[in-house]
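*Asks:* Listed below are the residues making up each chain.
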Amino acid sequence: MSATLKPAARPAPVRSEAVRPARIPRPSRWTAARRSLRRHWQLYLLIVVPLAYFVIFKYVPIANAVIAFKNYSPVKGPWGSEWVGFRNFELFFANPTFWTLVKNTFLLSVYTVLASFPIPIILAIALNEIRNGRFKKTVQLVTYAPYFISTVVVVSMTILVLSPRLGFVNDAIGLFGVPSIDFLGRPDYFRHIYVWSDVWQTTGYSAVIYLAALSGIDPALHESARIDGASRLQRIRHVDLPGIMPTAVIILVLGVGNIMSIGFEKAFLLQNPLNTAQSEIIATYVYKTGLLNADFSMATAIGLFNSVLNLFLLLGVNFAAKRITGNGLWS
Amino acid sequence: MTVIARTTSRRSERTTIEETRTDKIFLTGVKIMLWLALIVVAVPLIYIVANSFSSPSAVSAGRVLLWPIEPSVKAYQEAFSDPLIMKGYLNSFIYAIGGTLISVTLTVAIAYPLSRRTFFGRNVIMSLLIFTMLFSGGMIPTYLVVQDLGMLNTRWAMVIPSAIGVWQVIIARTFFRSTIPDELYEAATIDGASDLRFLWSIVLPSSKPVIAVIALMYAIFQWNSYFDALVYLKDPGLYPLQIVLRNVLILNTLTGSTTTTSLAQQLEQQQLANVLKYALIVISSLPVLIIYPFVARHFTKGVMVGAVKG
Chain A
1 MSATLKPAAR PAPVRSEAVR PARIPRPSRW TAARRSLRRH WQLYLLIVVP
51 LAYFVIFKYV PIANAVIAFK NYSPVKGPWG SEWVGFRNFE LFFANPTFWT
101 LVKNTFLLSV YTVLASFPIP IILAIALNEI RNGRFKKTVQ LVTYAPYFIS
151 TVVVVSMTIL VLSPRLGFVN DAIGLFGVPS IDFLGRPDYF RHIYVWSDVW
201 QTTGYSAVIY LAALSGIDPA LHESARIDGA SRLQRIRHVD LPGIMPTAVI
251 ILVLGVGNIM SIGFEKAFLL QNPLNTAQSE IIATYVYKTG LLNADFSMAT
301 AIGLFNSVLN LFLLLGVNFA AKRITGNGLW S
Chain B
1 MTVIARTTSR RSERTTIEET RTDKIFLTGV KIMLWLALIV VAVPLIYIVA
51 NSFSSPSAVS AGRVLLWPIE PSVKAYQEAF SDPLIMKGYL NSFIYAIGGT
101 LISVTLTVAI AYPLSRRTFF GRNVIMSLLI FTMLFSGGMI PTYLVVQDLG
151 MLNTRWAMVI PSAIGVWQVI IARTFFRSTI PDELYEAATI DGASDLRFLW
201 SIVLPSSKPV IAVIALMYAI FQWNSYFDAL VYLKDPGLYP LQIVLRNVLI
251 LNTLTGSTTT TSLAQQLEQQ QLANVLKYAL IVISSLPVLI IYPFVARHFT
301 KGVMVGAVKG
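Order-wise, the sequence lines are chains A and B. Residue numbering for the first sequence follows the UniProt record's numbering, beginning at 1 and increasing consecutively. Residue numbering for the second sequence follows the UniProt record's numbering, beginning at 1 and increasing consecutively.
Because the hints were derived from the structure by calculation, they are not lab data. For every residue, glycine included, the Cβ atom is placed at its ideal position computed from N, Cα and C. Careful: at least some of the hints might be erroneous.
[What the hints assert, rightly or not] Derived Cβ-Cβ restraints for the label pairs, each shown as a range:
1) B:LYS74 / A:VAL55: 16 to 22 angstroms
2) A:LEU141 / B:ASP182: 37 to 43 angstroms
3) B:LYS24 / A:ARG237: 33 to 39 angstroms
4) B:THR105 / A:PRO118: 36 to 42 angstroms
5) A:PRO118 / B:TRP35: 50 to 56 angstroms
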């Protein structure tokens, strides 16, 4: 990933080298471009439609985001509507729900990252210690499966399993004399439900990535550690963990960097009127403001605030990770 | 000890060498942990399946745990005879197949030129693609584009706005770049092949594995997605299965007729609605879970290709 992401960081010097033919003395860039276009016109033809896709569905929306600074009127369109400067942002920041939203979004993501970062590493290392092929494969196959189940189904399963009347969780705690709890109806349970159902769904998938990193570790390192008398635990500590460090850093950077962009889908599905105090996050609020209340400008402003914040977070975390560990995106 | 180590292969070495006692205890601990992980993941899945095959009254009484009680397929009969659910199933198939065809075609069409060294501006284009992973205009600005194109409330809205995934482009490009040598292209050009001909007759046939992985990624993503439908579709006749599921499972809007008057019938209806939920979960996840064991390995490989420096 790191190499493929490189051009984003500094496109200019790479671009000039890209067109240099192997043996011919280097022509000017535009001559090379013209020659490439003439010889490989079919490739340029091929790329027109997908490029148009990116322009229309990714870059036009970025331009459309200008309505965050306008009072959008459907009749006048994004460009014809009147400017209002930062009024939408000011209104949003002054709104009492602003801090609740930021807090809910932030806490939910931090909790998710904290819980779903170490567990796949533990699972992968445990699987890596096992030499019994059948058992290992079964565990992997079963833990990987939930990743392929849709969010709607996972949320439905969560609701059914936790249901006060039908679900087995309440039966189980009932055995200990605890009265049944309406988990989804209590705001303070929302984050736990969100995070742990997420861990349930993604741990197996994330572990696969670490397993690949573990299999890339030179067996000679393990061997020499054994000869030096290292126990299994010591080998995990001094061979396996340093071996998967670069992978772990990248995954952590991506996780922390995306902290403010936590997904809309699951929070929205788990939400109900009883738990909104903690389940209302920026993404769900944008949906409600924009599509249910049809306040397009305000919804865009909130979304834009979130995207910009997130972009800076990702860049900042990546910068810090590179400084501290030497690993990161674009490394 | 060293003799054994030398004579056995590296793989089997760990089990052949005598383990110390702490190592044995540690290994037992590891196994217990893995069993726990297995149980934690599997129990909810088994619970759902067991409930879906139980009688409505047993389910509503919460008596089912890991094995069907009073086995019955009533819920499945009900599900398969419900027009809205069947319509959703059909729609999802249309979106998954159509969407995958469009997505794979477009992905190859952009990934292949970008993999070619002679393609002018490929790094600029790649940067532009990657930027869209980091920053987006947002929900409403994209909605406006879809609206302006007249796609709202049409099948196109399900397959076009999310047609190309940058991640898939990276995977395909990396694969093309690492498996198709420049010499092969030069040889084909000498034989008079054009760029398109080369792509069609040489690159595509030798890239079947990566195309399969990308196609499955798109198909599963499309099958599981509900966001686009939630935002862009209004006509229930166009709803994919996931939206129908959400309405039945989460919003509790029953699809069956509610014209029954007697209390007994209403109770029965209510009980049936409960099992129906479990059956729906099974039915909707089945297509993906059936193909999953066969593709899991390739899936991982695809993810790795994208992640490896290349």
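*Asks:* Look at each hint and say if it fits the structure.
*Replies:* Verification of the hints:
no.: 1; hint: B:LYS74 / A:VAL55: 16 to 22 angstroms; in the structure: violated, 52 angstroms
no.: 2; hint: A:LEU141 / B:ASP182: 37 to 43 angstroms; in the structure: holds, 40 angstroms
no.: 3; hint: B:LYS24 / A:ARG237: 33 to 39 angstroms; in the structure: violated, 18 angstroms
no.: 4; hint: B:THR105 / A:PRO118: 36 to 42 angstroms; in the structure: holds, 41 angstroms
no.: 5; hint: A:PRO118 / B:TRP35: 50 to 56 angstroms; in the structure: violated, 20 angstroms
Violation of the numbered hints given earlier is confined to hints 1, 3, 5; the remaining hints are satisfied by the structure.
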